[in-house]
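2 protein chains.
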Amino acid sequence: MPERDLQYLAELAAQLRVDSVRAAAAAASGHPTSSMSAADLMAVLFACHLRYDFDRPGHPANDHLIFSKGHASPLLYALYKAAGAIDDDELLTFRRRGSRLEGHPTPRLPWVDVATGSLGQGLPIGVGVAMAGRLERLPYRVWVLCGDGELAEGSIWEAAEHAGSEGLANLTAIVDINRLGQRGPTRHGWDIGAYARRFGAFGWHTIEIDGHDPGQIDFALADAANTRRRPTVILAKTRKGEGVLEAENREGAHGKALKDPDKAVEELGGIRDVRVAVHPPETDAAPFRFGDDGLALPAYPVGEQAATRDAYGAALAALGAARGDVVALDGEVADSTRAEAFAKEFPERFFEMYIAEQQLVAAAVGLQVRGWKPYAATFAAFLTRAHDFIRMAGVSGASIRLVGSHAGVEIGQDGPSQMGLEDLAMLRAVHGSTVLYPCDANQTAALLAEMADLEGVSYLRTTRGPTPVIYQPGERFPVGGSRVLRHSAGDRATIVAAGVTVHEALAAAGSLRADGIPVGVIDLYSIKPVDTAALTEAATTTGNLITVEDHRIEGGLGDAVTDAVSELGPRVIKLAVRDLPGSATSREQLADARIDRHAIADAVKRLL
Amino acid sequence: MPERDLQYLAELAAQLRVDSVRAAAAAASGHPTSSMSAADLMAVLFACHLRYDFDRPGHPANDHLIFSKGHASPLLYALYKAAGAIDDDELLTFRRRGSRLEGHPTPRLPWVDVATGSLGQGLPIGVGVAMAGRLERLPYRVWVLCGDGELAEGSIWEAAEHAGSEGLANLTAIVDINRLGQRGPTRHGWDIGAYARRFGAFGWHTIEIDGHDPGQIDFALADAANTRRRPTVILAKTRKGEGVLEAENREGAHGKALKDPDKAVEELGGIRDVRVAVHPPETDAAPFRFGDDGLALPAYPVGEQAATRDAYGAALAALGAARGDVVALDGEVADSTRAEAFAKEFPERFFEMYIAEQQLVAAAVGLQVRGWKPYAATFAAFLTRAHDFIRMAGVSGASIRLVGSHAGVEIGQDGPSQMGLEDLAMLRAVHGSTVLYPCDANQTAALLAEMADLEGVSYLRTTRGPTPVIYQPGERFPVGGSRVLRHSAGDRATIVAAGVTVHEALAAAGSLRADGIPVGVIDLYSIKPVDTAALTEAATTTGNLITVEDHRIEGGLGDAVTDAVSELGPRVIKLAVRDLPGSATSREQLADARIDRHAIADAVKRLL
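Chains as they are written, first to last, in my numbering: chain A, 1 to 608; chain B, 1 to 608.
Be careful, since some hints might not be right.
No copy is singled out in the list; a pair is fine if it fits within one copy or between any two copies.
Simulated pairs of lysine to any residue, SDA-like, Cα-Cα distance not exceeding 20 Å [what the hints assert, rightly or not]:
{"hint": "1", "residue 1": "K605", "residue 2": "L568"}
{"hint": "2", "residue 1": "K344", "residue 2": "Q182"}
{"hint": "3", "residue 1": "K344", "residue 2": "P185"}
{"hint": "4", "residue 1": "K344", "residue 2": "G252"}
{"hint": "5", "residue 1": "K256", "residue 2": "G465"}
{"hint": "6", "residue 1": "K605", "residue 2": "A507"}
{"hint": "7", "residue 1": "K256", "residue 2": "P466"}
{"hint": "8", "residue 1": "K344", "residue 2": "G184"}
{"hint": "9", "residue 1": "K256", "residue 2": "D335"}
{"hint": "10", "residue 1": "K256", "residue 2": "G184"}
{"hint": "11", "residue 1": "K259", "residue 2": "D335"}
{"hint": "12", "residue 1": "K605", "residue 2": "G510"}
{"hint": "13", "residue 1": "K263", "residue 2": "A321"}
{"hint": "14", "residue 1": "K256", "residue 2": "E340"}
{"hint": "15", "residue 1": "K256", "residue 2": "D310"}
{"hint": "16", "residue 1": "K256", "residue 2": "Q182"}
{"hint": "17", "residue 1": "K605", "residue 2": "R492"}
{"hint": "18", "residue 1": "K256", "residue 2": "A28"}
{"hint": "19", "residue 1": "K344", "residue 2": "R187"}
If you are wondering where the hints come from, they were derived from the structure by calculation, not from laboratory data.
With the rest of the complex left out, here is chain A (with noise of 0.2 Å):
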């Protein structure tokens, strides 16, 4: 590299590290030391390698960088400074109210895929980019700045399994090794042949550099540009808070401003007003997209039996045929969850994640990024897996749909770990989430096909054991919505159900009507956003609610019940799981948890 060009990239990298100071002291907070020792990295990164069109955040073939240490916040956006994304009045409202400059960075930035700063995140979602450039045979890289504190993180090395296993060759992770984490020096310190090893393992192409060193930063990210069938990580060894003497290398300097900003930016030569040129993408080449067709899904018979997750597996395949935009994911169960049918038919658009839940919510919200529309199914109850990773993806308003199996007490004998009973409580508290439990198997289609256009995080729960149809093929479930399923004028109460209970419901409702109380029934098929006019109707004209779900009794159903009516005040009566199930049958267990037919008439009476 000529001795100009260092001096350049040199110019540069002080000037993100002024910047990143600056920006700190405005906000008086911040992690201005995590953001000087990739300073260099990134400067090279931007300077010679990355192909990117500001003007164009939405360009198929840009490039995708995401900073998966997030807490660089002020490195990215002095970078968006130099490029001339954003101007020095911008990066020094870092961390003020209404600022775009968030502590952590998120999409609100156009230039921002997903939001990060939970830590192993980023790595994860960025193999779910590479997975969609390979899909839409873009010749886009996917550039990820990891922290090393993160590798630490077991998603770190769910991603680190995929991407090595698949051969991402577009994918290559810069890892910042400044050996400080926050409380202390990381496990490994400047042990960089530690992580070398680790990743070799699992099939990576290791590049270790001096971190500091443009000639050597610009020489490994060629390197990983040109390298085929691996994906390449850059082991970068750096000092946190390079530059600076009162931080560098030093303990106790993580997550605060500088004491002396103003004698930090002298040390680092002052501030500057160096423009970096990053290059656009050199093709104009459309993604590749898979065709439409138009959608057929399948139709149940009323009266039959039919379990909702074998809906799903139908529905979904019929979709995919209808949407090429369509594409799903796995945690190798997809026997069970039934994406088993959508894999058969559309093999290309079929991911098998293997039992490694974090990645394949990582994955569908990366495939999100660059608008597929992703179904990523499990057990419901293994997606608590993942929690960390859907809580981040409705930050970064992501839209991805979650199906989970499985649901409740009702799967029977294979006992509680397999039990989906605190997803509801779960997917309701994310920001932005739609939670859908369809009750047949005519609904579960309808509400499916509903989710290809949500937007932010929807997630549906199916059921393990046949349930019968009670809907027509083709009836129309909006989310937001419910089903009045029984209702007279003389009702006593209101029993107000989901999934597996609507059928206990129903019989209940039959049974009491014998005994002389007529009671109404909900399909509450849309637990959020739920039907508050319809359960206020309800409340208002019998006064009692019963609500039943094969749940536990915190946060499901039965809450978002209270929650619609808790300001007029009904007298709500909630059955839901309560105890620990062991081993049973269905049957079984529903009366167990006292959610079954005789319960809830039970309750009734007990009520009225």
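Guided by the hints, dock chain B onto chain A, whose structure is given.
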């Protein structure tokens, strides 16, 4: 190994297969083929290497055997039968209602340490048990039977990293590499070297064997027991369904009883009555315990400002002095959670788990197996990373104490990725959990001390910034209680708050009183169990409740309150976080989320 012994081991293994087939046939479900692949491994372990007194499951020097592949429960129960711990009649109750022999093992059986069945958990928990063994200076060994499919879980690699780096030589993973997962082949099939490279890179001693050769198994187990300074992984190539033509090494034979169990039993040589005499431990050495002393909790003068997270650190250090059984763990944020105060005082009892929250919680679960009282802390937001481990800890009935700092929007500038806004929903829905949320430093200290003797999963939520001290040092706060902070006969409504919002509620009550509107204020520090009596009293006297919490609207304090009073039907207005916060100061955040004093006062006025 003498021929006579080999014959005995082959007979024992055949019986384990036969009994696995019979148990699954009796249940018409279960995982016989996943049991059959590991039968030789476990036969040799039980006959030659395990040190366990089945009459004294609590013997301190007993080895620990964890079936990380919990679905191989038929094999585990067949082993118990061969060891004389259960009889054949009980074996055939497998998966029946009321039977201790559940679909996946749970501690309802006295020889089972922890519930398994969610894959990838047994090994990280085994790491915790091995940590306990080192701490209490006992020579027991921890044997963990893993499946090959579950090695895709990131949590396995968190465990590999911790055990490898810490050199936990008392831990042995035995991996049953039968090459077939649930849906089809695993990623690496019989490429045992792929696993050896990975574990080797993480610092483990690796042994590759034929998992059906008793001689090789015996050698490997002895090698593992004799290996110093490193954990050992035995990578055993096996065949799923070994010994029965219908199932052996065939896809589609996962998780179901064999089609023709009688023929299978015949193929395996028929029913036997082979017994295995498991060697009891050879030592009666008592476990090492640290000394106890008087409890002197920190005291904060009323009226001062102190962060509850600071009180957590100080109180934990005080508790550590008082109780030698208290241990602490942290996810590389001990300077933020303030667990550092304990770490400085008691370095031997503090475990830095780095940024690996699944292993953080799993280690706590493992430590409590041996009677230690673990407190595990990280940011509340990042506990979501360990949701599935917390869920399973509830199934295990494990007594662990979790502490989540940086709750809510109160944290201010760091933004949504760092805000615990879903933690109450997550923890409330865990079976048998306790959820505590103190508002001042003295209350924090008192609750922290009380947690030491709680059973099950308990959770303490702390706040980043300082809050006013309102309680006297030494006041008691029983779990399940609450405190009425403002009350008068003329109260028009009652505000129910916890943590940071208590202070907002008090301020609102003050301004409302000045406006001639008297309202009550309840500090609901115990979110679960909740003080139904106090809430009922408030609901029946004022008829109007306002809940306010620094948490999402779903699943938190508001839902706990509406649940408690749902059968009474008061009007409840819930104030909580509904939108996506950005960066801002703490006070701006509370205002923007409409949970500050002004929002509370507005809500009361709107209600009345």
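Evaluation of the provided hints:
no. : hint        : result
1   : K605 - L568 : between (23 Å within a copy, 16 Å between copies)
2   : K344 - Q182 : between (47 Å within a copy, 16 Å between copies)
3   : K344 - P185 : between (49 Å within a copy, 16 Å between copies)
4   : K344 - G252 : between (54 Å within a copy, 15 Å between copies)
5   : K256 - G465 : between (54 Å within a copy, 15 Å between copies)
6   : K605 - A507 : within (15 Å within a copy, 44 Å between copies)
7   : K256 - P466 : between (57 Å within a copy, 18 Å between copies)
8   : K344 - G184 : between (50 Å within a copy, 13 Å between copies)
9   : K256 - D335 : between (50 Å within a copy, 13 Å between copies)
10  : K256 - G184 : within (14 Å within a copy, 50 Å between copies)
11  : K259 - D335 : between (58 Å within a copy, 18 Å between copies)
12  : K605 - G510 : within (14 Å within a copy, 44 Å between copies)
13  : K263 - A321 : neither (63 Å within a copy, 44 Å between copies)
14  : K256 - E340 : between (50 Å within a copy, 18 Å between copies)
15  : K256 - D310 : between (53 Å within a copy, 18 Å between copies)
16  : K256 - Q182 : within (11 Å within a copy, 48 Å between copies)
17  : K605 - R492 : within (10 Å within a copy, 33 Å between copies)
18  : K256 - A28  : within (7 Å within a copy, 61 Å between copies)
19  : K344 - R187 : between (44 Å within a copy, 18 Å between copies)
Violation of the numbered hints given earlier is confined to hint 13; every other hint is satisfied by the structure.
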